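Asker: Once you've looked at the hints, dock chain F against the given chain Z.
Each chain, letter by letter, is given below.
Protein chains: 2
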Amino acid sequence: MTTTKTPYQELEGRFERLSKLGQALGVLQWDMACNMPAGGAEARSAQLSALKVMSHEMITDPALADFLDAAEADQTLDPWQQANLKAMRRRRARALAVDADLVRRLSEAGSACEMLWRDAKAKADFKMIVPSLIEVRDLVLQRAEALSAALDLDTYDALLDGYEPEGRAAEIAPVFDDLAAFLPGFTDDVLARQAAAGPLLELPGPFALDAQRKLCRSMMEVVGFDFDHGRLDESHHPFCGGVAEDIRITTRYSEDDFMPGLMGVLHETGHALYDQGLPAEWRYQPVGKARGMVLHESQSLMMEMQASRSAEFIAFAAPRMREAFGGSGPAWEADNIHRHYTWVERGFIRVDADEVTYPAHVILRFRLERAMLADDLAITDLPGAWAEGMEELLGLTPPDDALGCLQDIHWYDGAWGYFPTYTLGAMAAAQLFAAARRANPQIPEGLTVGDFTPLMGWLRENVHQKASSRTTMQLMEEATGAPLDATAFKAHLASRYLA
Amino acid sequence: MTTTKTPYQELEGRFERLSKLGQALGVLQWDMACNMPAGGAEARSAQLSALKVMSHEMITDPALADFLDAAEADQTLDPWQQANLKAMRRRRARALAVDADLVRRLSEAGSACEMLWRDAKAKADFKMIVPSLIEVRDLVLQRAEALSAALDLDTYDALLDGYEPEGRAAEIAPVFDDLAAFLPGFTDDVLARQAAAGPLLELPGPFALDAQRKLCRSMMEVVGFDFDHGRLDESHHPFCGGVAEDIRITTRYSEDDFMPGLMGVLHETGHALYDQGLPAEWRYQPVGKARGMVLHESQSLMMEMQASRSAEFIAFAAPRMREAFGGSGPAWEADNIHRHYTWVERGFIRVDADEVTYPAHVILRFRLERAMLADDLAITDLPGAWAEGMEELLGLTPPDDALGCLQDIHWYDGAWGYFPTYTLGAMAAAQLFAAARRANPQIPEGLTVGDFTPLMGWLRENVHQKASSRTTMQLMEEATGAPLDATAFKAHLASRYLA
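Line by line, the protein sequences give chains Z and F. Be aware that the first sequence starts at 179, since it is given in the numbering used here, and climbs by one per residue. Be aware that the second sequence starts at 179, since it is given in the numbering used here, and climbs by one per residue.
You may find that some hints are simply not true.
Said to hold, decoys possible - Short derived list, chain Z residues pointing at chain F, Cβ under 8 Å:
#1 K198
#2 A216
#3 G217
#4 G218
#5 A328
As the list claims (entries may be wrong) - Here are the simulated lysine to aspartate or glutamate pairs, EDC-like style, with alpha carbons at most 16 Å apart:
#6 Z:K230 x Z:E188
#7 F:K305 x F:D559
#8 F:K230 x Z:E194
#9 Z:K230 x F:E194
#10 F:K299 x F:D578
#11 F:K668 x F:D532
None of these hints come from the bench; they were simulated from the model. Source: prediction; values computed, not measured. Just so you know, even glycine gets a beta-carbon here, dropped at the ideal spot from N, CA and C.
One chain only, chain Z, in its complex shape (with noise of 0.2 Å):
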């Protein structure tokens, strides 16, 4: 008995494997995050290299274009299979949109120019990498330019849609213009507030590194990761990999000061969870992936932002902190640790930023990446630039190109359009960690006494399960009756540094 595949099977079936050798792919680079020797990374490149080309032909496949077509053509599909297909033909358009010279020139253009930028870094020295910047900025250029061809979409555009389908930049500039208004204001009263009510109390290190890593377990089982299907490493950049059945999640810790590693543990915990949430049925379809990096980021920072760092968590945690240390005296209250992990203050560094003064950051990189890619902005005039929006946005001026354009990896090693993610995530983490306390009020008082459950049913449930089955503007309005903007993360933090 031999069974014919419908057209949409047959590309279930491609796609089913595709994402196998996606999950392959993970693994390597985990392993070179984490296990690697270092005189082993040109034969994991080389490996890397041959699963991305084998990935590259298989969604390229002319004989992919038929059963697409007779695909979409077919009346009996129900809503999350048209959605599946959706997302087929949108990934095979943009590995179609440019040609494999590009894409290997713009690989080596960004390894070459993120190599140079390390050390351009540690010297301050922003001149020193400005051809590299240049070739990689034109190679991105004309990368976005194929795909704004191909996809109708603006060139920025084009960029950030890999990242977050469907985003677009002329929606969310006038939402960043508004919090670029409001915020220097506002984080005024917030330091006004803040030194009325006293220096913070230190808490002194040095913190054993055994004990960070029992702390941090136990707070993930806590939040609810299976250590069953997940582990916790180290690795030099945090990251969160592996699939829902496996999820590896990575930190760094330092001997000085335990708070940042558990804070970034407790982030990489809510990309990890949105992961294993994800409907197992679909796992190996593209509908059944998370939908982007707006909602992925909103569910690393629903738990580091709006749980983690919530007076109701700090109280259940600090005694735990405390026990992990041996720390006692008011520096080690439930209080004074919620201070330090609410502590607002304007810095150069957008990632040791609070999450008041976070949004400066993305959206000057934002603003400066789009004029960059329309050419209104030479490279040659970044770091003046950099300086006048620093200056406008948080009224400082950085000392040193480290401490201001260098700082980030993004634009050298190619990733433009990424930057709006971020705060676009703060955004729906704040609107959906709303919508769940109206829904449930008993998701606060959980986490006074460490029960996520209440929260995660809520996600699991409203974010989670949906996948890529709906847009993120779709699920946000679904899930909390409104769509995406600032209103919830402006009440939040209100709520939060001046109530």
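Answerer: Structure of chain F alone, referenced to chain Z:
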């Protein structure tokens, strides 16, 4: 300017990709053994299976047939290219010979039988596994017959050839018969002499695991392992995986006894040094791989049995062991430690056997698996035949099947035809070591001061760098001046245990 590839170059390109896919599979398997949480097993199995199917499709791609024919007509190929082509043809012929359905059925039956075997072994209950083992044996035989027809080999040789190309049972049987006749009397002599020398002085534990890890790493460095291109980890079953630039070996430790763990590490290091010494310019081609399991095992036993258990090396290592565990007194003297590491005892378990009694275990399995495949021995009669063989070869009768025919995984998971390579490897190790010492008398001297460079230099030139450019027999003749036989192995045993 476009260049057209020759058929041979086209094949090299395809096998390079196949090799990288195989390396990716290796990373996934290493991770599965060393890191994967239990809940990730199903997802990992799906990833492995997808990559294996892709690999199978690449090697059986009909397009390869014409390239192989055309390349074989190419008169310009040098001997390495010709050997490469031959190895490609062999890999493809083996892949094509067995249809995908049989491969799948055997893989599933082997997995199911292996699961059951764990239980049967724990309960020492052979009966419960009989139907499952019969199914595996029948499928293995089907596979052997399919390979036999396609490759024009005897049934058993068709399986053996998968582990040791050109290995032939008809040549092995008389060598094993000769050893089987020689070893019982020889073992009696060794035991008498050993008893006359008095009892061993025990080294009482426990031995801290961290001290064992540190000792093992330092001994690996002494032997020549480069940690910039490899790692040492822990797994349930020790193995050596990875690629030359990034070799991953694993071991297991026991707090009660550090000796087996250390020797296990040196054994795997021997495997690793072989892989690291293969010619880099051929790293992605079949001709650039290890020749087969006989030479691979010869390299691990070279390091473990020939070099590391020698009186010369123990003289160097004993003070380091004392230092690692804070030992003192006569038990920690080199002479007593050397007696431990060369202690001979007839026992039931192959993996615990010393080098004098080990061949008896292998010869028993070789005879029995040939008989089972030839229908000369029914699976239900295996325990009886096992007991008879043990009595003949070692003068022992196992009290139960856990100490008998249930002890090894090989038959249950489908690896029939593998066993003889262990003892052929031991013979090859002895023969190569004897030739190396003749060629460079500084080799034993080097061992007394922990200098393995003279030995490694000879192995690199005469074994590792040859890769698969020659058959095992040709390589042995070139390296030692004689075909592989048991002469040197017997001489080694006589010199170490009776001199």
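Asker: State for each hint whether it applies.
Answerer: Hints, verified against the model:
no., hint, result
1, K198, "holds (4 Å)"
2, A216, "holds (6 Å)"
3, G217, "holds (4 Å)"
4, G218, "holds (3 Å)"
5, A328, "violated (26 Å)"
6, Z:K230 x Z:E188, "violated (22 Å)"
7, F:K305 x F:D559, "holds (11 Å)"
8, F:K230 x Z:E194, "holds (14 Å)"
9, Z:K230 x F:E194, "holds (14 Å)"
10, F:K299 x F:D578, "holds (10 Å)"
11, F:K668 x F:D532, "holds (14 Å)"
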